[in-house]
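Participant: Take a look at the letters that make up each chain.
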Amino acid sequence: MNLFVLLKQVPGTSNVKMDEKTGTMVRTDHENVINPLDENALEAALELKRSIDGSKITVLSMGPPPASRALREAIAMGADEAHLLCHRGFAGSDTLATARALALAIEHVAGRKLGPSDLVLCGERATDGETGQVGPMISAMLDIAVATYVRGIRVKEGHAVVERVVEEGFERVRIPLPALVTVVKDMNEPGFPTLSGKLAARTAPIPLLTPDDLGLTQDIVGLSGSPTRVVQVFRPKFTRDTVLRQQDSGGAAVGLLVDLLIEKEVI
Amino acid sequence: MDYSGVLVVGEQRGESVHSVTYELLARGRTLADKLGVSLACVVIGHRLEASGREIVERGADVVYLVDDPSLEWFIPRRYSAELAALIGQIRPEIVLAAATTAGRTLMPHVAAKLGTGLTADCTGLDIDDKERLLLQTRPAIGGNVMATIKTPSARPQMATVRPKSARPLPRDLGRHGDIVVRTAVCDNAQFAGERLLEFVRDTSQDVSVQDAEIVVAGGKGLKNRDSFKLVEELAGLLGAAVGATRDAVDLGWIGYPHQIGLSGKTVSPRLYVAIGLSGAIQHLAGMQTSETIVAINKDKDAQIFKVADYGIVGDLFDVAPELIDKIKHAKNERLSGAR
Ligand SMILES: Cc1cc2nc3c(=O)[nH]c(=O)nc-3n(C[C@H](O)[C@H](O)[C@H](O)COP(=O)(O)OP(=O)(O)OC[C@H]3O[C@@H](n4cnc5c(N)ncnc54)[C@H](O)[C@@H]3O)c2cc1C
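As you go down the protein sequences, you meet chains A and B in turn. Numbering-wise (this note's numbering), the first sequence opens with residue 74 and increments by one. Numbering-wise (this note's numbering), the second sequence opens with residue 222 and increments by one.
Some hints here could point you the wrong way.
[Unchecked claim] Here are the computed lysine to any residue pairs in the SDA-like style, where the Cα-Cα straight-line distance is at most 20 Å:
hint	chain 1	residue 1	chain 2	residue 2
1	A	Lys258	B	Asp423
2	A	Lys310	B	Gly345
3	A	Lys310	B	Leu356
4	B	Lys441	B	Tyr477
Hints listed in this document are in silico derivations from the structure and should not be mistaken for laboratory results. Quick caveat: nothing in here was measured; it's all calculated off a predicted structure.
Please build the complete structure, drawing on both the sequences and the hints.
Facilitator: Right under this line is the structure:
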């Protein structure tokens with residue numbers, strides 16, 4: 074089985090700082106990590122690989138050169154092969170342009186259209202952009218089945234049965250392969266790099282893919298290929314007339330609050 | 222042909238329309254009125270006939286009910302094929318759907334098919350007067366800031382909207398609208414092999430902070446699981462649902478379904494009582510549309526006071542028990558007064 078896992082390098086969440094003047098994110102490179110949910114996707118792929126003979130895991134990421142570190146980490150954990158979409162032309166891609174590039178990259182490294190022995194896995198969303206759109210977009214572009222919010226997966230002959238977490242409970246869904254699934258945190262506990270994995274990671278080649286390699290012309294890649302534009306970034310202003318009271322030993326502030334609750338017919 | 226009009230993608234749950242549809246209609250109505258265009262709503266599913274009328278009463282000018290046994294359950298590719306076909310036919314300039322598990326799956330799929338943009342999880346929508354473009358505002362960069370996003374040239378302009386970030390319009394029984402029932406236009410056989418095997422309702426997840434009229438929420442200031450019970454007691458007294466910050470959830474004081482904020486739920490109750498929580502921007506992202514906000518915090522500079530209508534600066538371990546006492550007292554008085 075051919076398993077493709079999509080990884081994104083994101084800022085470690087607690088370290089996100091803002092440049093007050095420009096409204097952009099201040100990124101210091103060593104603070105970056107693999108998007109946590111992508112680690113669940115990788116772990117799910119590793120579990121499938123262990124249970125299905127002759128499986129192979131290919132990890133793909135799009136990002137600046139340091140993103141190759143995330144890919145090496147994936148190899149250390151047991152992935153077989155990694156590719157990085159890395160070129161100035163990709164910069165500024167929105168979810169649509171990102172999905173287009175990754176969809177083409179998957180077919181590029183597979184050397185063909187996906188077939189019934191192929192499965193693409195990714196995290197349900199990235200902790201920085203928080204859109205969760207890239208996965209379903211890729212499935213549409215590759216014209217393969219899709220299941221989102223997956224917390225369990227079993228692969229059978231030519232199809233998979235997945236368990237999806239939805240608002241009111243969960244669903245068991247049958248999807249034909251090839252397919253794309255996005256996974257949630259509950260899926261598994263990501264493992265650790267192995268010694269042999271670490272050794273492999275040190276020397277593994279990580280080929281870089283450019284828009285040219287994927288046949289992407291300038292108008293459909295990066296910022297110019299992105300239909301959406303961020304036009305403003307701002308800190309929300311709060312416009313409430315707050316009544317602020319210091320609680321004293323007499324409990325006057327609480328007394329007034331109770332009056333307010335009575336007035337609002339809460340009690 | 223030009224694109225014109227606003228289309229809202231409604232949702233059904235087992236033959237009845239989900240309330241998030243009416244929230245979207247309220248949003249859609251405002252945008253359509255600003256643009257001077259009509260508001261359509263589509264619901265995809267099965268046995269929908271009874272739903273059309275209320276959708277009109279909640280603001281739609283035209284309702285499309287795509288009704289077919291093959292559409293009883295949400296299968297992304299099927300729904301996407303139906304929605305893309307409808308969009309191709311009526312060519313709306315704006316399409317809105319809910320940021321639910323279904324909407325967040327369906328809409329990117331459709332956007333990719335149509336080659337247009339999509340903004341996830343918007344909390345604010347408006348029309349830019351000059352260019353008549355949709356302004357889509359959402360939390361960005363881990364919720365530290367808000368970003369406004371436009372789709373300048375691709376059509377339609379599409380967005381998913383956080384549930385509970387808007388209030389439905391009241392029913393207007395005198396409203397007129399067209400109800401169009403259609404069967405599936407897409408070939409059923411094409412998606413054979415893709416189906417729902419089982420749906421299991423999980424009632425333990427069903428804490429419905431989202432539907433509560435009153436929410437009492439606690440944060441790390443409660444110090445431990447045991448004192449978090451103060452929040453639960455107060456909620457019980459007020460007939461409220463219990464909410465929590467991410468920190469309180471991560472510390473294991475209460476389950477994730479109670480988490481309010483960017484990575485939890487968005488709520489919009491009549492009253493929100495915030496106890497021992499700082500009001501981090503990611504938390505505010507999930508509750509600032511509450512009608513009345515009351516906060517208790519010992520730090521007078523806590524951010525939560527910036528969004529609160531009424532704030533008490535004080536130690537919650539004094540204030541909360543006293544509040545509980547006084548509410549009990551007030552309730553008793555009312556009861557004895559009524560007798
Ligand atoms: C990507 C991302 C997503 C996030 N999503 C969410 C989310 O969905 N929801 C969420 O809530 N957070 C979220 N967070 C975390 C958020 O940034 C804050 O860390 C969190 O909200 C803080 O929780 P808190 O208010 O309980 O704790 P604190 O910030 O530690 O605040 C505790 C407050 O209690 C007060 N206090 C302490 N003792 C007392 C006392 N005895 N009496 C009265 N007051 C007292 C203190 O003055 C302080 O203001 C997210 C963060 C990131 C980066």
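Participant: Take the hints in turn and mark each one as holding or not.
Facilitator: Hint by hint, here is what the structure shows:
1. A/Lys258 x B/Asp423: OK: A/Lys258 and B/Asp423 at ~18 Å, within 20 Å.
2. A/Lys310 x B/Gly345: Holds - the C-alpha atoms of B/Gly345 and A/Lys310 are around 13 Å apart, at most 20 Å.
3. A/Lys310 x B/Leu356: Since the Cα atoms of A/Lys310 and B/Leu356 sit roughly 17 Å apart, the hinted pair holds (cutoff 20 Å).
4. B/Lys441 x B/Tyr477: Holds, at about 15 Å.
Consistency with the previously given hints is maintained throughout, with no hint failing.
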